[in-house]
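First to last, the sequence lines map onto chains A and B. The first sequence: position 298 = 573 (this note's numbering), numbered continuously. The second sequence: position 218 = 580 (this note's numbering), numbered continuously.
Be aware that one or more of the hints could be misleading.
What the hints assert, rightly or not - Examples of chain B residues toward chain A, derived with CB under 10 Å:
| # | residue |
| --- | --- |
| 1 | Thr474 |
| 2 | Phe476 |
| 3 | Leu491 |
| 4 | Gly492 |
| 5 | Lys496 |
| 6 | Tyr626 |
| 7 | Leu789 |
| 8 | Thr801 |
To be verified - In silico EDC-like links for lysine to aspartate or glutamate, alpha-carbon gap of 16 Å or less:
| # | chain 1 | residue 1 | chain 2 | residue 2 |
| --- | --- | --- | --- | --- |
| 9 | B | Lys640 | A | Asp341 |
| 10 | B | Lys590 | B | Asp600 |
| 11 | B | Lys512 | B | Asp482 |
| 12 | B | Lys558 | A | Asp341 |
| 13 | B | Lys441 | B | Asp418 |
| 14 | B | Lys512 | B | Glu546 |
| 15 | B | Lys477 | A | Asp341 |
| 16 | B | Lys718 | B | Glu488 |
| 17 | B | Lys807 | B | Asp600 |
To be verified - Each pair of labels, with its calculated beta carbon distance range:
| # | chain 1 | residue 1 | chain 2 | residue 2 | range |
| --- | --- | --- | --- | --- | --- |
| 18 | B | Thr656 | A | Asp361 | 18 to 28 Å |
| 19 | A | Asp429 | B | Asp447 | 51 to 61 Å |
| 20 | B | Pro501 | A | Val573 | 30 to 40 Å |
| 21 | A | Val405 | B | Leu442 | 29 to 39 Å |
| 22 | A | Val380 | B | Glu546 | 32 to 42 Å |
| 23 | B | Leu442 | A | Ser453 | 45 to 55 Å |
| 24 | B | Ala816 | A | Ala317 | 21 to 31 Å |
| 25 | A | Asn497 | B | Glu804 | 34 to 44 Å |
| 26 | A | Ser344 | B | Thr656 | 25 to 35 Å |
Hints in this document: simulated from the structure, not taken from any laboratory. Backbone N, C-alpha and C define an ideal beta-carbon position, used for all residues, glycine too.
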Amino acid sequence: MTETSTRPRRVLPQRSSTKGGGGHSGRRGPRRPPGLPWILPALVLSVGLLYYGIGYTGYISTLDWDGISPDPEHVGARNYTRIFHDPVFWAAIRHTAVFFAVTFVVQTLLGLVLAVLMHSRLRLAALYKVVIFIPVVLAPAIMAPVFRHMFAPDGELNWVLHHIGLGSLAQPWIGQTSTALPVIMFITIWEWTGVTFVLYYAAMTQIEPSVLDAARIDGAGNIRLIVSVIWPQMRGTTVALAILGAIGALKTFDVPYLVTIGGPNYATEFLGTYIYRQTIPLNHVGYGAALSVILLAVALVVALILQFASRERGA
Amino acid sequence: MRLLMTPKARLRPLSVLAAAALAISGLAACGGSDSPSDAGSATSGTVNWWGWTPTDTATAQGYIAAFNKQYPDIKVNYKLVNISDWVAALRPALASGKGPDVFDMQPGAYVTQFKSFAVDQTALAEQALGSDWKSKVAPIGISGLTADGKLTALSVGAVYAGMLWINADIFAKYDLRPPTTLAEWKNACQVLQRNKVGCFVQGAAQQGFDQDTLQSIANSVQPGLWTKVSKGEAKWTDPGIVRTLGIWKDLFDSGIMQPGAIGYQQYPDANNDFLTGKYGMIMMGTWYTQYATTKAMTAALSAAGVRDAKPFPILPVAFPDVAGAGNTSAMYGDADFGLAISTKSKARAAAETFVKWMATSAEGQQVVADQLNDLPALTSVRPNFDNVELVDPARQKEPVQQLVTTAAGVTEPRMSLLNADVQNGILAAATSVATGKATPEEAAKTLQQAAEAAGVTFQ
């Protein structure tokens, strides 16, 4: 049996045909051009903008500064010690954790189920795919007023509830602390399930049909097939989505800012909205920078934890 | 693999270039002095004016059109920025030097934040009104706009708050009288709610408007207490403030405040709801007087999305004596906005001409007065009601004129005594009490701590 491989063949560099080797040993190729000019634009961009920006933010985080006065006061680590005694910061962390857990689980479930459905013989599947993905391309700034209206006390949701006999459930959804965060999570799930769906859909195309056929022959039903065959093969995609979801949760800003402005009473405050609140309206640029540094550190730690966890399970 | 480094000599020109760029940027940062060598022409040029008020561009265009009758060669571009985005938009614009020539300035936190970008206008005021210029301008428009001895802006007009506005048609339809006590207020709300009409609408998510309602309640509890606390002459834990927060909580519990009020913005949510006739009452200040006119009311209804807008008469009424202590809640106010001139303006002379005309000329101030958006800064100018078309003059003329007369004598400050941190603390106290997350005592204590942390000293 001939072994076939889908891996690209490794192309070996051609040896120099120059007689005498031109001063190079026989094992080495011709002298390669210097690499620095090639990577310089990217280097300048990443080091100059990204890492300089991070370093400068770290420096600002040691200042008590309003962002414009010429004589900021150096306060060392005081901004950081203040943060750890700031109840709004801890509330933002709690909201981020709950937000990530709920949106990730729900999006994963919905994305997986929708991807499985779209791989079955479904009529109008192309249309459904478009409908599922459209929210991803709609700007939150455009959708925020729609959702503000929909969840207002006299909005469409309460109108529907009243007209189907569930008027007792009608409430000011974004005007009370108990329901404001769930509304933000609902909007996020609506917006991003399309991405989860697309990634799972693409990953499922990599599953060998023969594996599924074998499982069917062994008597596996649809649920068994999803749980025992498809889901385990989606691990890589799920880990990637978890990392993206965790970082996205830490960076959450647009939806809570546009829909609830972090309120009511900080009920939808996230690190992003709190950094903005401290830096822009309150002019605590140093404090906002310290919060940003903490956000960066938390994002790195979360990404590393998820990476290591996935590797260990993979091993 | 071995990295092949470029010889240092080849990098030298790059480092020189970088150093030059840094030096140039450093020099650029030193620019923007208070007295540019070329201020441009005083009678021609383009002036970019940014403001959060006038809140509708039609009013601003009215001012500009009147200005252009006298100065046709100065083009003024008005850019309306929502007040919630004001700081975020203005700060980088001013810092970069690409921002406005003229910008709105409000007493209080904004003066603190933007004073370094504003030209001192004392000389301009003296030039326009003489050495005794202070006697010709409402004092409330000078003190709040002055910081570190610098007049950061010339007041265009003042606004006062501490009253309710009612929809006169709704009150007439249900045979209601404006409430004068908390009990009457609750009763009016019950009548309206029985008839499926909203009672009182407030955007309690927006700080300034919560502060207005709290200051009015405090004035009912103990006149002058709010100002004393704002100055640091009493503490936020004063029993009068605790009582104020307790009454504030009662407004929510008794159904006076609409459901979900703490998730509402005063602009646009509450404003739109009131102007579309969904509610009978709203807490707004004298800037709402403009909506007593047919023109502004029609434009506002249209902006709120009402098709075939039919204006209705609104009336100012005194804030009820919610504490039952027999105190008529006094009004309070500040300069609504002054016009500041950017230190980095390249058309400073033309900008000065515009500001001078708006704030110190009889013509400009009359236009401002007749719009009823602000009460004019010049004490000699009053709205000419012959030029103002009210929606229902029979019902509106007397209360509106009475409001203008009363406001002229108000001396209690509104926002000017509080910095951004204390204002943020007031919002946190108001929302935590409203949601039941804190008792009035706890919220007052937290507010006191926030004020002390913000550097306010208390006697």
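Hints broken by the structure, by number, lowest first? 3, 4, 5, 8, 9, 12, 14, 18, 19, 20, 22, 23, 24, 25 and 26
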